[in-house]
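Residues per chain are reported as follows:
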Amino acid sequence: MSEPSSIRQRRASNLALNGVSFPATRPSPIPRPTSLASVQSTNYSDTDHSEILSPTPRRHYLLQQQSSQWLQTTGTISPPLSRPSSPLNPNSTHRTHRKQKPSLSFSSLAERHKAQKVAGINSSLARRWVRWMHRNRLKQYVLPCQMLCAIWLKWAIGLGSYSGQNTPPMYGDYEAQRHWLEITYHLPVRQWYTYDLPYWGLDYPPLTAYVSWICGYVANMINPAWVALDVSRGIETPTSKIYMRFTVLALDLLIYVPSLWHFINYSPLLRFRSPRARQVAFLTVLIQPALLLIDSGHFQYNSVMLGLTLQAFNFFGQGQDLLGALFFVASLGFKQMALYYSPAVFSYLLGKCLLLGWKAGTKHLILIGLTTVSTFVLLFLPFLYPAFPTHLIPPVQRIFPFARGLFEDKVANFWCASNVVFKWNNHFRPSVLPKLATGLTAFAFLPSMWALLGPAISGFGSMDANTNDEKGHEKSQSRVPAPTFSLLGHALFQCSLSFFLFSFQVHEKSILVPLLPITILMAASAPTVEGGDWEWGVLLNNVACFSMWPLLKKDGLSVQYIALVLLWNYGIGHNPLRQSALKYFTNSIYFAILVLHCAELVYVPPSRYPDLFPVLNAVLCAGVFGIAYLWSLKRLVELSWAMGSLRKPTVHASTSKIPRPDQPTGDVRSNGSASNVREPTASLSSSLRKRNPVNRHTVEGAPLEQQGVNVVDLSEPSGAK
Amino acid sequence: MSSPKHSKRQSLTISPASSLRIRTTSIPAKVPLDQLLNPETTRSSTIPEETKPTGWLGISNIEWDILVVATAAKLLLFPAYRSTDFEVHRNWMALTNSLPVSKWYYEATSEWTLDYPPFFAYFEYLLSIPARFIDPKMVDVKNLGYDAWSVVAYQRTTVILSELVMALALRSFIPGSVNPRIQRIISASLFLHPGFLIVDHIHFQYNGFMFGILLWSILMARNDKKLLSGILFAVLLNFKHIYMYIAPAYFVYLLRSYCMTPSGAIQFANFVSLAQGVLAVFAVSFGPFAIMGQIPQVLSRLFPFTRGLNHAYWAPNAWALVTTVDRVLLQLVKLRGLQVQVDASGVESTSRGLVGDTVFAVLPNIKPIHTFAITIAFQMIFLVKLWRNPTYKSFVTALTLCGYASFLFGWHVHEKAILLVLVPLSLIAGERHGYFRIFTLASVSGIFSLFPLLFTPAESIIKVVYSLLWFFVVILPMSKQLYEFPTTPIGVVIDFLERGYLYGFVLLQAFTSLYPVVAARSSATANGDSLARLEFLPLMITSVYCALGVIWAFVKLSVLYLREKF
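In the order they appear, the protein sequences are chains Y and L. Heads up: the first sequence at position 381 corresponds to 381 in UniProt numbering, and the numbers run straight through without jumps. Heads up: the second sequence at position 66 corresponds to 66 in UniProt numbering, and the numbers run straight through without jumps.
Read the hints as simulated data drawn from the structure, not as lab findings. Please note: incorrect hints may appear among the correct ones.
[To be verified] With a straight-line Cα cutoff of 27 Å, these simulated DSSO-like cross-link-like pairs (lysine-lysine) come out:
1. L:K393 <-> L:K367
2. Y:K139 <-> L:K480
3. L:K393 <-> L:K480
4. L:K480 <-> L:K565
5. Y:K554 <-> L:K142
6. Y:K435 <-> Y:K423
7. L:K142 <-> L:K393
8. L:K556 <-> L:K480
9. L:K142 <-> Y:K553
[To be verified] Taking CB as the label site, the calculated pair distances span:
10. Y:Q140 <-> L:Y125: 27 to 37 Å
11. Y:M170 <-> L:V284: 50 to 60 Å
12. Y:L197 <-> L:G500: 24 to 34 Å
13. Y:W132 <-> L:V506: 24 to 34 Å
All values derive from a computational prediction rather than experimental measurement. Every residue gets a Cβ at the ideal spot worked out from N, C-alpha and C, and that includes glycine.
Looking at chain L on its own, in the form it has when it is part of the complex:
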């Protein structure tokens, strides 16, 4: 096959070939021998950093590429499935627009009452102003469940536009980073994160916007503008109070590195300015309600302690594992007929599948105070380390770990909260291979654990294909740049097991997508009742399998952080 091709190519280039030959034979003779033998050394690392011609509006071509691709993808998702959160936000928009501020936290026409802090209510009010002009029915409190095309297009567009806050923050991370090449991939990966696509653009929420504020705050900490960082975080807290999970890390970091000198002397001026800034933010947020004397009402809306340990679908945390152990033990007890005290309400809880409050049948029940104790205990370990090493990198790691501990051991944790772990974790993923491997494990299992949010079959292909694409263009190139072969035998085994775990997700996806089909077919026959009865089995297995990866990544990150010398 090869010989005729050669002859053809020669016939093509008859005339230039002769001149070419002269050149190629004459030049190498004058090159020093070592350069010839070892061309790599002469190039070494002085190859100019990849040039990015600045494009339109001073935004580089690659940034435009990412923006255009992401926006086109999000536009296509307009008609996709949307959860009740969509109606929740429409209702908030309606009530902030049509009611005076004094009634915002008392309004209860819809079951979706306002339960976010005041800044978010102000944000919804801002959104409702253009909405009134586009379609007045959108902002009618009584118009429950309104889902005309105008609302869908408008609300989806606001998510896309508000996410630009995050895009700007991520873009600003690149200059000044240790390794701009890796940071560029990380920034792109966060902007294109499947988590945001699933939670914001399909399920419907404004996480991209709020994580944008968080990232700005972290960026300010990196750029040594700690006062601004603290104020931004206070702003964020007033948008959504879930970020209180990571507040301890902020508190310790700012106190140690901003309000104190490295030697330990207190800097009063800094402390006062920070305190004033934060208090001012809270005053703007809660001030109007404090004047009206509504603070107890607002707080009762923000912190409803009436929910169960697990959410409907178990978030992949420690309690998912504990609950699974309880369920397995219960089956054992039933099979063997052991004389163990079984809680009747716990048995009932299992038969109700995964809906409602979780009550253990065999194991002792967990109370909210237990979860808080465990969470705070874990956070304290990391905070002590942060107190001793108040550097930026240490701060981001501690931030991740605080979010992580809350996610793993918190009360009524929602699976969406995994983003609280994945976003700061991404920022340290490029550090070295150890961190990168943790990032890979946590991202893959975390993103997979978000899949059950979208249970409709049409969106299943969307989420799986998109996540796979994201994996190919984010994890693989980073892996090529950062991979280090494990140096110890135990490291080799762990590396092997972790890879196996990652491949296991293919099987898991196959199982979860085939199970309903098989169950439906077998329930048609006489004896297939048992499969249909276990309709929550795929969810449970997903939760447990993801929990394994998430917890393992937590253990690795904790060890890495505590042993790290900053």
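Bound conformation, chain Y alone:
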């Protein structure tokens, strides 16, 4: 990469005049007269110059013809920066301290980030496209285009084959779902869970059955042959396939996409992200390959369950716990797989009740309990009346099949992977294994529960204060999210991953459940953080797709798999070769995946091990998921530390008067800082507090703002544009 000598000279002069000339990376928006600047800027300089250096007059940044070429210099020489070149500056030309961690100071990090931006490292198709749309004054078309893009992709995947196509007599998941349309539409509710069980008997909770009934009703209106009872079994006409694909797309657009949109625009997690970053985040989750391949390709309705859970998460983030509980129960009622999330959700809600203290907490707990129970009752209503328990037994038995084996097929979880070296079925009785699995699962998800409950127990009652909103109305603290909300995403991830890794009867498609929280966390975070949520999210998405490869191959979706995984990775700008803390880990996994794919192409496994490749696949993926589990532990610890202690202030807020917002003394407790999530600096002071009880009163006496601590208020998520 050669550069014109004039530029090199310019850079040399820039370095020589460091501190004198303006940094070129930070151009002032308005050009200042050069003569004034040269005299004045010496005042800013903190280095002593023996004489006043008069810089060569420079044109305004926007007027520099060469700046375009200069911007392209991404090589070893970093662009000139305002900071002097020193060994501690990661952007300096000193290459001796390569091993040293670059994150030495906030300012050097900021400079580094800026340099990355300049060099276009942090650039991706999605970003470039969104930027281009904005520049062409087509901002308002970004969302429609994204939607059209998602619809197109989903439908194009749907052109391919589905699970069990042309494989009589049992077919596959597609036929199961279609069969449910048929039985729910034609049979009375009592028979839904009992009719001809060997042929794809209904084994999902009632909401699936109701949705199937609606779809069956519409299908019957259009063409009764699609859902004729018994006669239509194994129907594979093109139009019936289109109708089934259409129901998936329609439900996806009705439930999953709106809740995703809600998340992107109103979630506290994305509060400080720019509109463009949000649009990129929206696209990132919208075309998540694993979900698209399973829902639109393989054929299932996972997006409904995931969408309902995501909506519950959104409501928790807005402090609307009752609505959140309702949506979560709906999610459970659509597919029992949502149970994977339930310990985390339960802990969060219980933790919030604890934080609210005795009075408000009990009330809140009762309300949530009532909502949950009544939603469940509503869902199971047709199975409750005339004879209460007898009608309820078939659905429950169908939904929780404990009579099956430890795992089915080859799934990338602990049991299947460890089965390679330790045959579980030979060493344990079949009745023990479910208990063992349950115990291990519970042990695995305990940390996520503890992360949500621990701070709540220690901070019992710390949210027990009513604040006024700007209109002076009393605002209950139960309507703001608990401070532990910042942990909820990771807790959901860890909890569901524990279920996936350790629980009983897991399918390979269940990886979608832990994938949802990590994907939304990934979309909400910045791609530039090394080893952060974003990089883990990409890695896990890719590994999850790979873990479903045997399934997709069986379904005849290999081209779709390749196209979509490549498109998504390229689209979000994932470059595994980029300098990162995870670089070697990620690359070695990708390499292993590539080797397995290539080996499968050229090598036919010996007849002794027909399942060689699926097993290797499961072992590799289980290893990655196991490491991801450990990483989520670390992340929970980090986040809990960042959240700080929620210890209640010395004076009980319930005894103090309700303060007015305009009171100048700005009491810490009443201003909602107790309910606030503090930045690391804040928690630093709070951890100091714990260690020095003597100092405690003086620290707590003054408002945090006066202590120079930045307070981030999460209490009211706003739809900040």
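Given chain Y, put chain L in place with the hints provided.
Chain L in isolation, oriented as in the chain Y frame:
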């Protein structure tokens, strides 16, 4: 709502705020007043052209973006519907591979005999060499209708790869263009054109490849390498003879600007080299067949004059309108009982829907010679203009118009031929708003007229959503850059009507997609027979509505071209 947000933001930035305030108050005082008042003038147009860091392999990031998106989309379309053209090309691959050259144009095992010029046959032979290794059954002449996954994947992949010829040509258009920013959008729009997606990647043909050669040829003309341009066009003609429609423009342009000096003196050396080049191309192509004495047989395969005026589905051209008028008149005659001589075979032709030869019932019938006369008459007008103004821009416009005239008035025009108009038209779309509006009208109506090619419901969503996306990311940004408000009152009215016409496509799409559903439901009831009988009504309406836009765009472009001062 706003007040608490403000307070929060202040609490966030307590310490830096003070320093910030000092800066913001001190600097503007030193800025000259006029700069402050009018910051736009200082920036003016000297903002550096958008920088595109060259990415991997010297291809810029944006070009990679387009390539990756397009390829991923095309890969997803592998299992999509494919027409009989798929089997046609498989059969050609088989017969070129397994038969000696002497039998290529005599082979008739399949009904899809080889009816493209020899270069395309050679091209198919090239494709068949790797195919033999992948799956020998692919290249078996007797294996009719073979559509295993290997053939589908292989043939679709060859379309994707051969289209890279077009990608390269389009990429080379950007440097050296008048407005690189617009040209970049145009190049991308052609590579991502819904027409190619529908015709090549779903319906199945190799148009992207051949239009790639055409674009190379046009590019060479722009870069003043006219000899190469002429030779490339000769090559193209030997791939597919449909490009003869635009050959007159090439002939006139090369003769006037390459073989003659601007003053009119003949440049013999140039003329001879061009003639030699073109003849050499034809010699390579047809030579083997000439030696074997098969030229009459080859020509009889290439030009089968046994087809009707309209194709099964009427291409949106003048004859579609004429045919519609005939059908409407026939209904009038029937209703009123007028004493007009009605052709019985014409009445029969209407009841057969749109299949087969078109015979008019009321209007006088059209013979091939009429269509040729009209086509050539229109082309002559544009060619005279081109002869007088042999510039590049004039050439591309004349090329478009020649293709246009053939499309509108030709005999047995297929709707796919609209690409012959849309591709060169795209190249001049960025000229100014007049051209851009023509481009918009022709593109929208032309692409919509391709929709009936894919009649399966599953692909309907694909084509509609893709075309809509293309419209959003191509037409809208160009419109933002090029739009000029009409200056005359009549211009305002026309502008309004044209917009209304474009919005009408939404209604048309709604009608065509809902009609079959309604017809099916009403045919279930007793009295709904009339709706089902008119099952070709949506096709006819589509054809006529698109024809209006296509013809209007032709009229506008003709007027614009003839009045243009080059």
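To see whether the hints hold, each was checked on the structure:
1. L:K393 <-> L:K367: Violated. L:K393 to L:K367 sits at ~35 Å, over the 27 Å cutoff.
2. Y:K139 <-> L:K480: 12 Å, holds
3. L:K393 <-> L:K480: 23 Å, holds
4. L:K480 <-> L:K565: 26 Å, holds
5. Y:K554 <-> L:K142: With Cα atoms ~31 Å apart, Y:K554 and L:K142 exceed 27 Å; violated.
6. Y:K435 <-> Y:K423: 17 Å, holds
7. L:K142 <-> L:K393: 49 Å, violated
8. L:K556 <-> L:K480: 21 Å, holds
9. L:K142 <-> Y:K553: 31 Å, violated
10. Y:Q140 <-> L:Y125: 27 to 37 Å: 52 Å, violated
11. Y:M170 <-> L:V284: 50 to 60 Å: 59 Å, holds
12. Y:L197 <-> L:G500: 24 to 34 Å: 59 Å, violated
13. Y:W132 <-> L:V506: 24 to 34 Å: 26 Å, holds
Checked against the numbered hints above, the structure violates hints 1, 5, 7, 9, 10 and 12; every other hint is satisfied.
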